[in-house]
Amino acid sequence: MHRSRLDAYAAPKKEIPRSVYLTVSATVGVSVLLLWCLLSYGGFVRSDFLPTPVEVLRAGVDGIQDGSLAVNTAASVGEIMSGFILASILAVPLGILMGSFKIAEAAIEPVTNFIRYLPVSALIPLLILWVGIGIEEKVTVIFIGTLFQQLILVADVSRNVSSDLLDVSYTLGANRRTVVTRVLIPATLPGVVDTLRVTLGWAWTYLVIAEFVAANKGLGYFILNSERGLFTDRIFLGIAVIGLLGLITDQLFKLLRDWLLPWATESR
Amino acid sequence: MTKLKLDKVTLEFFPRTGAPVLALDDVSLEVGEQEFAVIVGPSGCGKSSLLRLVAGLVEPTRGAITLDGIPVTRPGKDRGMVFQSYTLFPWLDVRNNVEFGLRIGGIPADKRRHISDHFIKEVGLEGFESAYPKQLSGGMMQRVALARALANDPEILLMDEPFGALDSQTRSLMQELLLQIWQHSQKTVLFITHDIDEAILLGDRVHVMTARPGRIKERVEIDLARPRHVDLLTSPEFIAIKRRIMGLIHDEAVRAMR
Ligand SMILES: Nc1ncnc2c1ncn2[C@@H]1O[C@H](COP(=O)(O)OP(=O)(O)OP(=O)(O)O)[C@@H](O)[C@H]1O
Ligand SMILES: [Mg+2]
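In order, the protein sequence lines correspond to chains R and X. In terms of our numbering, the first sequence opens at residue 14 and continues consecutively. In terms of our numbering, the second sequence opens at residue 98 and continues consecutively.
The hints are simulated quantities; they were obtained by calculation from the structure and are not laboratory data. A portion of the hints provided could be inaccurate.
List time: in silico SDA-like cross-link candidates among lysine to any residue, alpha-carbon distance up to 25 Å [unchecked claim]:
1) R/K267 to R/W217
2) X/K208 to R/R195
3) X/K231 to X/R210
4) R/K27 to X/K231
Only chain R is shown next, with the shape it has when bound in the complex:
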């Protein structure tokens, strides 16, 4: 009996009871925390390599009190949102065109594929030369890094819209314009939201790299600056804040999708 249940949990792609799911998640989470406590409090790792959880919390309280956390978080969030929104505004319509109109594909895809494989970090020196080291540089790095990934992903979403769906619209009397506005675009929405959700996560990577190279505020700067003073607790704090922000935006996207597109099937 006991054996057979364990057996059932080991089957690929099968649902497991929610209680089991939560227990496993909680156990792993607590274990990681315990391991951290053991290593730090037990003195197995030097404290300037690995701070204790309480030290990180204290750094957090300090950061809130002296305002440095808010300033740096606000700077990073501002930069990321500017770059991300600008990229999305351009990438979504162009990507939809690219996936469904061969002529747009011919025009945009070769360039996109070339730039997409350039690590955006390789462009940073050039961008500093062009736009300086202010907020514009971060926004540009995020913009370029996100735009081309989004283009490819949105184009794929658009390409995967069933042509039968478009064809049936024609047989219902729709003209091309109507098919694009009333069928193609709505059909891409769930995939577009998923793409935005994934690429926003990537945008954090580009931002932190940009801030490592040159910045005087932002969470990347906060982390790098802490490293210079060997404030490992603050490094951990910076990383935790980024992780937390990522988690929050991801959940926001999920809510947005459920609220805006209740008709869509579950996201991948």
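The hints should help you fit chain X with the ligands onto chain R, whose structure is shown.
Relative to chain R, chain X with the ligands alone:
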């Protein structure tokens, strides 16, 4: 009265890579007013292509297609189509799916509502007006697709293996439902299937196609009395027709394998 006429229609595809594909070769076909015409043929013989030609979704390489004597040049709402794949708009509920054609045709809301009420009832989906496609079963989705095509009041209804993806019980129910609706609406229907039982049960006339390149191999008149029901499947007359069509298809299937 001839409703739909295909005159020596040839369709060739020119794929970007590889040799041209001759899908249909010199196909001539007539479907009368209010006739229920069925096309059967082995897989890949060009059945869907033929329907897409009539729908105006592809152009013939040679030959002419006319509906009521008017050449078919592009898709239009006078030729409603139901696909084998599920083609409901996932972001519209049942009512708005059914009203899609009416809405883009500029029909006022009260009239749309009247029409959609009627056809939702015809396909037995009262109470599901505000359900989204993801909440419906396959059979229900195809019923909505049928209602959506009928709501546009087309001259001819084109159906490409609409019940092909359904389990056999659901398929039987759908066949009876379609026969009922056809009897009420008196629409001309061009129906494609590879299910011989389905072809005989539904059709006034069954056109058997050859393996690729598709040609019309034979026309079989189905003079079984109407209204027809599923229990007809075991009657001797039915079985005699079935044996004949099976023989025709079998030859083609064998030819296609070689
Ligand atoms: N766009 C296309 N380009 C190239 N070849 C095509 C195209 N569409 C169809 N064909 C080919 O034309 C032939 C007929 O295709 P069609 O889909 O009409 O057959 P079918 O009888 O509907 O097949 P099935 O029973 O599988 O539905 C097939 O060999 C197919 O591969
Ligand atoms: Mg087909």
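How the hints compare with the structure:
Between R/K267 and R/W217 the CA atoms are separated by roughly 18 Å; this keeps the pair inside 25 Å, and the hint holds. Note on X/K208 and R/R195: the hinted pairing holds, with a Cα-Cα distance of about 21 Å set against a maximum of 25 Å. For the given pair, X/K231 sits about 22 Å from X/R210 by alpha-carbon distance, which is consistent with the 25 Å threshold. For the hint linking R/K27 to X/K231, the alpha-carbon distance of about 21 Å falls within 25 Å, and the restraint holds.
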